[in-house]
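Novice: Sequence:
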Amino acid sequence: MATQSIVNKQYRFKDYLALVIPFIISTITTPLLGVVDTALVGHLPNPAFIAGIAVGAVIFNTIYWLFGFLRVSTTGFAAQALDDPLLLRASLIRPLFIAIFLGIIFIIFQQMIFSSSMHIIKPNEEVKHYADIYFSVLIWGAPFVLINYVLVGWLMGMSKVKAVLFLQVLINLLNIIMAVIFVWGFHWDVQGVAFATLIAQIICTLLGIWFIYRNLPKSNQQTDLKSILSWQSLKGVILVNTNLMIRTICLLIVTNHFISIGSSFSTEVLAANAVLFQIHYLMAYLFDGFANASSVFSGKAKGTKDIKLYNQTLHWSLQACIICPLILIALWFGFNTTIIKLLTNQTEIITICLQYQYWLTIFPIVVAGGLIYYGVFSGISYTSSIRDSMILALILWLISQYICVPIWGNNGLWLSYILFSLGRTLFLVMWVKKSKRYILN
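Residue 214 in the numbering used here sits at position 220 of the sequence shown, and the numbers go up by one each step.
In case anyone wonders, no lab produced these hints; they're calculated from the structure.
All C-beta atoms, glycine included, are put in the ideal place defined by N, C-alpha and C.
Check each hint, because a few of them may be wrong.
[As the list claims (entries may be wrong)] FRET-style restraints, in silico, Cβ to Cβ: (1) Ile94 / Leu320: 38 to 44 Å; (2) Asn40 / Lys335: 24 to 30 Å; (3) Thr331 / Ser221: 30 to 36 Å; (4) Gly403 / Met424: 30 to 36 Å; (5) Met424 / Ser221: 34 to 40 Å; (6) Ile15 / Ile232: 42 to 48 Å; (7) Gln349 / Tyr396: 19 to 25 Å; (8) Ile203 / Ile101: 17 to 23 Å; (9) Lys335 / Lys229: 47 to 53 Å; (10) Gln272 / Ile317: 38 to 44 Å; (11) Asp78 / Glu120: 23 to 29 Å.
[What the hints assert, rightly or not] Taking lysine-lysine and the DSBU-like style, the derived pairs with C-alpha atoms no more than 30 Å apart in a straight line are: (12) Lys299 / Lys8; (13) Lys229 / Lys427; (14) Lys8 / Lys154.
Based on the sequences and whatever the hints tell you, model everything.
Specialist: This is the structure we're talking about:
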């Protein structure tokens, strides 16, 4: 009956937008944890505090970004389950098993992870000491963070946007309140910041489990864990997640290569690039809201083999590819100087940012399809196309930066990144026609 009701339901663009806004808000709250930690210790007397937390945050951001596919893939599987109690349980239990396994692996190999990171980053001994304090506390939150990815992804797939929004806002509020108490009240400094974040992560994960328990449809049939966690059952989930992980690795390669090349220019240009890159991340978060909504509806279409709903989702995604860049360009044109000044007060860096700011006018136009259709394809678990398109875009980046940077310097670097972003769109959109056949398989 659940499947039948979904097939018969008529969705409209306003239903799509109803998911977009909460998803955007919940996505934007994610990077605020590190911002809050940095801001609190930034007002303490020892600059090594903020440097140590910054180094620790780089390690965790890299790890969690690399395994962010757990949320994305779970959203798709949950949306495809169509309220079928057994399928919904399977769509939750399989990625939970993977998340718990990975979290335990991180804890077991924590010393190796930290040592390898220090070898790459090479901070001085004092900064390394505080980074170690921060890392040694927060690494115990790894299983909870990865479990939370799965829980949030599952709730998103079920269109439980209020629950998702509540969890994401709560983790930030708890972190702020406890960090203020631990750092300014108890004077625990770096350790206080780390414990505040860890406790917030644990509480939100436990609350997420409670939300899941309330929303999981009841079934007369007993859950067969042996069948759900068999290699045959897990193989498809692992393949989907592996493809998404390869995509993330490609992104990390390009991002780190961009920063590495930028470091060969002057310190001021490097700083300006860092500011513009942070703004570019904020733009990407806005696209994520549309991508997540597309993922939910394409997943429903896959679950019912409803080609009409899938075509509607493609149409709404196309509209989003037009609307979202227009909004971003308008905001950037109107407030670019103000936004830059919020991130830096150094006149020379502001001037350089304004010199290169037009690249951020082009960015939303060329990347829109790559980000939003990523949501469409991940919703139907058609991740081989996502993997292949990103590999092709990476090759385009390697070729273009090799040619453009020696000729045009920093402009060549940004041109190469724009071409990479355009490649993400063009190489992904070319799979749309084939994806329609995939819906019916």
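Novice: Looking at the structure, which of the earlier hints fail to hold?
Specialist: 3, 6, 10, 11
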